[in-house]
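Protein chains: 2
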Amino acid sequence: MGLVVQKYGGSFLENAEKVSKVARRVIEAYKEGHSVVVVVSAQGSTTDELLEKAAEINPKPSNREIDVLLSAGEQIAIALLAMAIEREGHHAVSLTGYQAGIFTDSNYGSSRIKSVDAERIIKELDKKNIVVVAGFQGWNKYDDITTFGRCGSDTTAVALAAALKADRCEMYTDVAGVYTANPRIVSDAAKLKEISYDEMLELVNLGEKNVLHNRAVELARKYNVNLIVKSSLDDDPGTIVKEVGTVERMLVRGVARDNDIARIAVIGVEDKPGVAFRLFSLLAKEKICIDIILQSIGRDNTKDISFTVKRENLNKTLDVINANLGVIGAAEVKHSDKYSKVSIVGAGMVNNAGVAATMFEALYDAGINIHMITTSEIKISVLVDVQDADKAVKVVHDKFNLGEVK
Amino acid sequence: MGLVVQKYGGSFLENAEKVSKVARRVIEAYKEGHSVVVVVSAQGSTTDELLEKAAEINPKPSNREIDVLLSAGEQIAIALLAMAIEREGHHAVSLTGYQAGIFTDSNYGSSRIKSVDAERIIKELDKKNIVVVAGFQGWNKYDDITTFGRCGSDTTAVALAAALKADRCEMYTDVAGVYTANPRIVSDAAKLKEISYDEMLELVNLGEKNVLHNRAVELARKYNVNLIVKSSLDDDPGTIVKEVGTVERMLVRGVARDNDIARIAVIGVEDKPGVAFRLFSLLAKEKICIDIILQSIGRDNTKDISFTVKRENLNKTLDVINANLGVIGAAEVKHSDKYSKVSIVGAGMVNNAGVAATMFEALYDAGINIHMITTSEIKISVLVDVQDADKAVKVVHDKFNLGEVK
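So the sequence lines, in the order shown, correspond to chains V and Z.
Residue numbers for the first sequence follow the numbering used here, beginning at 1 and rising by one.
Residue numbers for the second sequence follow the numbering used here, beginning at 1 and rising by one.
The hints are simulated quantities; they were obtained by calculation from the structure and are not laboratory data.
Some clues are possibly wrong.
Each pair may be met inside one copy or between any two copies, as identical chains are not told apart.
In silico lysine-lysine, DSS-like type, Cα no more than 27 Å apart, as pairs [unchecked claim]:
{"id": "1", "residue 1": "285", "residue 2": "316"}
{"id": "2", "residue 1": "127", "residue 2": "141"}
{"id": "3", "residue 1": "21", "residue 2": "60"}
{"id": "4", "residue 1": "399", "residue 2": "191"}
Here chain V stands alone, though its shape is the one from the complex:
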């Protein structure tokens, strides 16, 4: 008996039948004697529908009003799930982000949780209510509604689990857990029993977007939340995400692929301090997230700076750079959206020199050309041609015998 936080994404609440199914799974945990807090996203396509409505009225609405609009989506979802739980004869109470005490900063549209006041939730749990909380939303110092940006319900769940000192935080997905590679690409991909927060963070960043949101994993690590990624379809125990010291250090935990990247190369910038700062602060102002950054020595005492962004941001990025060519002082700007990023992640590789070489060997044997390489302590990423990406994942997965992971 303890306190369990469960999180269900919007696809689990698409229609009445699915909402009732989630209700029954929630009640199962309640019947086992747990106090249960459920965090949900807006139903299925609600968020997109609301954004469409907005776009018809104003192509550039303020973020404040978008937050008022979108938060209504989760509000609908919590009410419906609470009703479904009531229907099964149990007591439920739905709470908006404000009611759940989720206090955020004031970056409308992409706010971050500053603190959680769990008093109301605790009061409701004490009354033996199942508490249904709207994910993705909070409240700021101006008494305004804020939202966290896409996938923010994961963050809500982890933040509540931390504030409530929950025994576990279960993230329901449509897969059984975290795999050594995407099973749709690699047929013998193995489900991991456990993974460290750090490895999970790298995997999140590396394109396994459906599994867990980055910010949620960071929070879980910070507050040592017992995070479990599991399927809502069966009783498989899923994958436990925990502290690096408590999981077996594997050389390579998994292989990830990200096709949603575009590479920009700013060539021949002056080799003096402040160039990178000017370039990336211009992009940050436009809220363009940068993934990989590489700076190399160019010709004639100049530097080349290459970096990747999401494909949807390619044009915007080029616009910013071209509008500021004078400030940046580049000889040439190149770009391509024909690359994919393939990465291996594993907390064990930090102490093992041969990992990178083994990965490159696998790619070489398969005749796959590498366009860019970056490494961190627990990750090695390469850019390859987009048509080679799936093959690259397979051969690397094979090379490290990841199909045999148990």
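Starting from the structure of chain V, add chain Z where the hints point.
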């Protein structure tokens, strides 16, 4: 220059085009130099769609959760209207019932405003923002969302106008104002320039439901709010609703018809104290609203009690009575939903003996049978066969020459 509260119902916000149209009308008032607060209902059929969703999941959801669900409808509407105002280059800020400081009692689904703390609205008006407030919703002492029941946005508008000491409160409708009769029934029905709160209250109760909500008129009378019913389609000044002392006392201000009634007759109850109390407190417990009540002397030292309810409540009412026949002690219960109520309203009739007789004469001349009569100081109502109702309205309207009202 002053402060104007405008209220638009959901039919004015049905689609992007209509939302933009409302935005432009709001901005017109703002450009005239007024501070503007706009109260809106949920878009078009949103409320019904949300209720359908709920019904699929739980045929009897708790009122608390219905309120969470339905209030999302207004939240969507305020965000979209604020975006439309932004689109036209003006500053707008949307506020939910809570943010607007609308504090209510805890009757989920049919709550009443207890107080309004207008601090936030005033702050936004001081910043020259157009303030868009969600109608129909508030907040209670448990920190829960409450709603007012259908048409509650009228009440929000009047309550805010009272709290803000607004110069006027404009209720936009799809008609040009209040008429001497429904123009769809009586072709020469005349638009009234003004009407007293009391008369308006009786008209509201008498089936002109689209014009103004009862509770809103009561509030307007209590706080002496300068209420204007007008069309959003043109610049007609509409009908001003004001204190009885300040409007010309007309014998008959208008004729109303209500087809949505069912009559129940409880026959042969014992003639002793407490019978009416027992009967109507049972119905009140089930939240069944009673309209007309008539008690007459029955046979053998018994009494007959007749009353009317809304048609949708007929079966529920009969269930309650039949389940409590022992307590009520009736010999027989009769009912009919084949009647309509036709009423004349006028603050002047209190001092004029002939009004009732004139009405009955008109009906007699037209061969219309009267089943029940009730009178108040400013109203006379009769029940007639439903198929006679429109004709009754016409002949009474004619008899009092209401088509000549200016």
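At most 27 Å between CA atoms: does that hold for residue 127 and residue 141 within a copy, between copies, both, or neither? between (29 Å within a copy, 17 Å between copies)
Please sort residue 399 with residue 191 into within, between, both or neither, judging by C-alpha distance up to 27 Å. within (17 Å within a copy, 85 Å between copies)
When Cα atoms must be at most 27 Å apart, do residue 285 and residue 316 count as within-copy, between-copy, both, or neither? Close inside one copy (12 Å), not across copies (62 Å); limit 27 Å.
Treating 27 Å as the Cα threshold, decide for residue 21 and residue 60: within, between, both or neither. between (38 Å within a copy, 18 Å between copies)
Of the hints listed earlier, there is not a single one the structure fails to meet.
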